[in-house]
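Colleague: Here is how the chains run, residue by residue.
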Amino acid sequence: MENIQFIIIIFFSPLIQGIIKKLKANFQGRVGSSIFQPYYDLMRLFKKEMVVSHVTSWIFRVAPYIVFVSTTMAAIMVPVITTKSTYSITGDIIVLIYVFAIGKFFMALAALDAGTAFGGEGSSREMMVSILVEPMIMLCIFTTAIAAGSTNLAVIAEQHNTILTPSHMLAFFAFMIAIVADTGRIPVDNPDTHLELTMIHEGMLLEYSGRYLALMEWAHYMKQMLLFTIVVDMFFPLGIAYNGGMSEIAVSFAAYGIKMIFLACVMSIVESTRAKLRVFELPSLLGGSFALAVLSLLTLIMIGR
Amino acid sequence: MEKSFDLSLVNDFISVGILLTAIALNTLERLESCVKAYTYNSWLLFLLILVPAVTTNNPHLYVAASLTLATKGIVIPLFLRKIVYQQKLVHQVQPYISNLLSLTLSGILITIVYASLSKGISVTGFSNHALKISIAVILIGLLIMITRRKAITMVVGLLFMENGLFLTGFSLTSGMPVIIELGILFDVLMCVIILGVFIIQIRHKFYSVDLDKSTTIHDQLTTLKG
Amino acid sequence: MTSMYIYYFGLLLFIAGAIIPLIYPQKMKRFAYIFPTVGACAFAAFGMYLLFDHPLDISAVSITPLLGFVFRGDAISGFFILLISILTFSVSVYSMGYTKNMANKGVMGVLFNTFILSMYAVILSGNVITFLISWETMSIISYLLVTFDREEESASAGLLYAIMTHVGTAFILTAFLLLYKYTGHMDFAGIKEATNDIPAGIKTIVFVFAVIGFGTKAGIVPLHTWLPRAHPAAPSNISSLMSGVMIKTGIYGILRIVVDILGVGPEWWGIAIIVIGAMSAVLGILYALTENDMKRFLAYSSIENIGIILLGIGASMVLASNGLHTLSAIAMTAGLYHTLNHTLFKGLLFLGAGSVVHATHSKNMEEMGGLIKLMPYTAFFFLIGSVSICALPLFNGFVSEWLTFQALLFDFKSASAVAKLIAPMSGAALAFTGAMAIACFVKVFGISFLGMPRSQHAENAKETSTSMLAGMGFLSLFCLLTGIFPGHTIKLFSSSVFLLTGADYSSSGMGILSMREISSSISPLSLFIVMISLFIAAVFLVRIFGGKRKITYGNSWDSGIPSLTSRMQYTATAFTNPIRVTFKKIYLSKRHTKVSYALKPYFAKAIEYRDDITPFFEKYIYQPVTDFIHSLAGKVKHLQSGDLHLYLGYILATLILLLIFWS
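Chains as they are written, first to last, in the working numbering: chain A, 118 to 422; chain B, -6 to 219; chain C, 470 to 1132.
If you are wondering where the hints come from, they were derived from the structure by calculation, not from laboratory data. Given the structure is predicted, the values throughout are model-derived calculations rather than measurements. Treat each hint with caution, since some may be false.
Result set (DSS-like, lysine-lysine): computed pairs, CA atoms no more than 30 Å apart in a straight line [to be verified]:
#1 C/K931 x A/K393
#2 C/K1059 x C/K569
#3 A/K393 x C/K569
Incomplete in silico selection of chain B near chain C, CB under 8 Å [stated by the list, open to error]:
#4 V47
#5 T49
#6 I103
#7 I105
#8 L132
#9 L135
#10 M138
Just so you know, even glycine gets a beta-carbon here, dropped at the ideal spot from N, CA and C.
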């Protein structure tokens, strides 16, 4: 059980996306599509014929698989409902961030492969956002890792099971902003747009179609859910199972589901109430949250919690 | 003892003669005369070496004397004369300063040398004044080099300096090993030949042997670098 | 004794490699590089011997009791010998093809071999004199190699390099003289034994001078200006050696003098090194990003990596001064591991860049593009180098960066609040450089290898010769091996770590790197296996559920404009624009746009766009210093008017003054 918990991420991640979309539609006063719509989309895309530019090279064709595989790899390393398994494999959170980076690297390369301006634009902006987000994520991780005495996500999840400290609160807010940026949501990026001048993530995927697009999209959903899971593990691990007992896992699964839906709500509220920022206003937003992360570290040094 | 005193007197006379030729250089205006002054200077130097050679009957001093005569007294002056005539450099030494001032400066130099060396090195045996005179000649040679424009005058100044140095060495050691003297003489010869060639070349390139023009080379170089 | 034979065998081969091209300039093209190839293997074996066995006195030629040549090897030198040997091997193989059409082949062969020998000599030096002579020889030969192309750019780069390296040597010399004065020894071993006699204040001065002196060679940030100009100016096989190993001699110097000889110092030493490292890493990669010259870009990235190495070393020093020796050993392992890694991937990348420059006759990325189809193998190896340097898992860069992160986290255990704050902040800086490195290498690889060819030259590029590919392939393989077998790699140089920190980091198994202290571990090997199997599974599952792949080939999306030309692609400058704008306070960028209109304001005929960044250090530190020296020189210049008479006048004046004062 504990060794296949990553299956949850793989199969439920489109659902989370569907829930967020549905909630957003409701906030905007629309009925919206079904929460299972992402599944239908993926299935349709897998069956579809692909149009590939003849400018592209093997990077373009390999990238979707690499992105998908690296995200799955990350999913394997994260304790989803039980902390037991990840001791045996490598549950290190710094590794996790770098495994994500594999996907990011190849996605950005693939975007440049077709030789279009849109791909370059998306790739370039994605890199900018990731440069601003990465140090912030790392500082948040440091704060929690220092408090827990380990960079292993399972250990972090087990040790901070009870209460949030001031430093964790600050790190949590910083981390949430990082997630918004990393998953390409408003106010950083607009996931629904296909307007050339505003897109970041979609710009990179513009040349993709058929099963490649399906893999890329699916990996994106998985990454979103994974980041939620990391938040849950780092800041609200309450309810997570310590071992593989059936009853504990059932409780943990329920708790996990509630937490995921809660985070989906938070995301859709943020998306519905904020406007997208101009690209060059991002540094001030992300710089602000970097300051939060530094503050959380300072708090940890000063008051020790 | 007595003999050596006599000898020292003779030496003094010759040394003073050397100094006089050097001083005379300050006032000469014709290049030909400058070369002549150098010739006299070299002959006097030859005599100065010959005197101890005769008295001590030292064969190596004979060799040194004859070599001095051959190179400094005959070959170099002839060569210089040839350049002077070939290049039609007969007239106009054109000093930066007037002859009178040049002469005065030479006097000051001699005074300084005498004043500073009076209690300095006690010259062993050879001559009371030879050392002081030799240094004065070096300085006067340098002064000539500074205050004259033509490359050939500078060569003459250099040769005077060299004679002065030769005299210094001689007065301090009563004759260096012959091999060193040979070397020095050969060096001087080469030096003069090379300088002669240079003078011809400078003339060729710049249509003048006026060394004032050499600053323009420097300026060109700096503008190139800048 | 065998090791001595190996040593002399290797030495002989290099000397032969240096001499033969002098005798037979026509037939040299084989031997000048075959000899060092074999010689490098011999030296690699010798380095291994030093790492696994005992220290070794090689040869001592004493001139006087104080002056003499002493060569000695221990585990620390063994590690660096191994680094040089690995890279020399690949670069020699590469050079066989690379130098084929080069002018002055004979000179190149001689300099190549002597350059490598001088680096070995620096590492193996056993006393101050030997070290300084070897160090200067290395500097001079590398200067000759920088100016090898005889272009104006190389000449000015060479001049800057010569000046900087001599300023650095002056500091090193002063540090050594101070050590000699207070210990009375010229021998490193003797100095090390007598370190307790040195007063604390003097130790600090020696530390500062050694860091400045060796830091100049390593290229730490305010002293880095020569590096991005000199490294690209040299031929690419030499750039590879310079960036791969020569700058590591600076690291070696810091390790030898500061960590080995001076021993454990006050905590602020380590903090200073961490701060320098973080600054070098961040600024190095920031400047790298804006660079469109492929080789100069790589040179800037070397500055970044030197910074990362120093982060590990600094963290180790902080931990050592807090008495945490085991953790200090882990941090030192991180530093040395990254040293090894940087040698491998930077060597590889420079060789790759060399092939690309060779094929396209341009260093400018904007004139490349689409090379992945024309030079598939070069592109593949370059990709491996990029992935390694970006610290992506499965390749070696990742292991050392992970270790460095852990090392910086350990620093939180130190007593002072400054270290507690600095270390995690440096960790954030390291994360920043990691993300920046990804952006940088996406740019380099994406712009130069992907897309459409941007110039005629790029269209006609051809794959390079087999020997060049072999050199790169060898390094690529090493990048992968050291990436998935970190345990073995660490065991290889654990004796050097022990020598430097007095503790062992040996809690590593096959492909697993575990730390009991923080109950965390990584296993690149299992990561590798899992990812490969996931990849295969993904491909199969997609095939099963999606059916047969149906692909239509067409043009890239052109927004309805009929023909998409290569000029419509995103350029390297455009790619970095968002980042340049974000960090404009650091770049101090100035942009100029000039539009000429056919009909104002709607029909623009031509738009000229320039965006320059201001190199902060060059403009605000080096320029004022240079200006001051220039103005001083201008004043002194009047003394040197070029007037012969005036010069003679100086002589006369001096003589007269001497006469007067002498009496």
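Colleague: Next, verify each hint and record whether it holds.
Modeller: Hint by hint, here is what the structure shows:
With a C-alpha separation of about 46 Å, the suggested pairing of C/K931 with A/K393 is violated against the 30 Å cut-off. Simply put, C/K1059 and C/K569 have alpha-carbon atoms about 43 Å apart, too far for the 30 Å limit, and the pair is violated. Of the supplied pair hints, the one linking A/K393 and C/K569 is violated, its CA atoms being roughly 57 Å apart against a limit of 30 Å. Annotation: B/V47 was flagged as interfacial toward chain C, and the flag is violated, the nearest CB pair being 34 Å apart, outside 8 Å.
Violation of the interface hint for B/T49 is found here, the shortest Cβ-Cβ separation to chain C being roughly 31 Å, above the 8 Å cut-off. For B/I103, the shortest C-beta to C-beta distance to chain C is roughly 12 Å, which exceeds 8 Å, and the interface hint is violated. A least Cβ separation of about 6 Å between B/I105 and chain C falls short of the 8 Å threshold, and the interface hint therefore holds. The interface hint given for B/L132 holds, since its Cβ lies 6 Å from the closest Cβ of chain C, which is under the 8 Å cut-off.
For B/L135, the interface hint holds, the least distance from its beta-carbon to any beta-carbon of chain C being 5 Å, beneath 8 Å. Taken as an interface hint, B/M138 checks out: its beta carbon lies about 5 Å from the nearest beta carbon of chain C, inside 8 Å.
Hint compliance for this structure: hints 1, 2, 3, 4, 5 and 6 are not met, and every other hint is.
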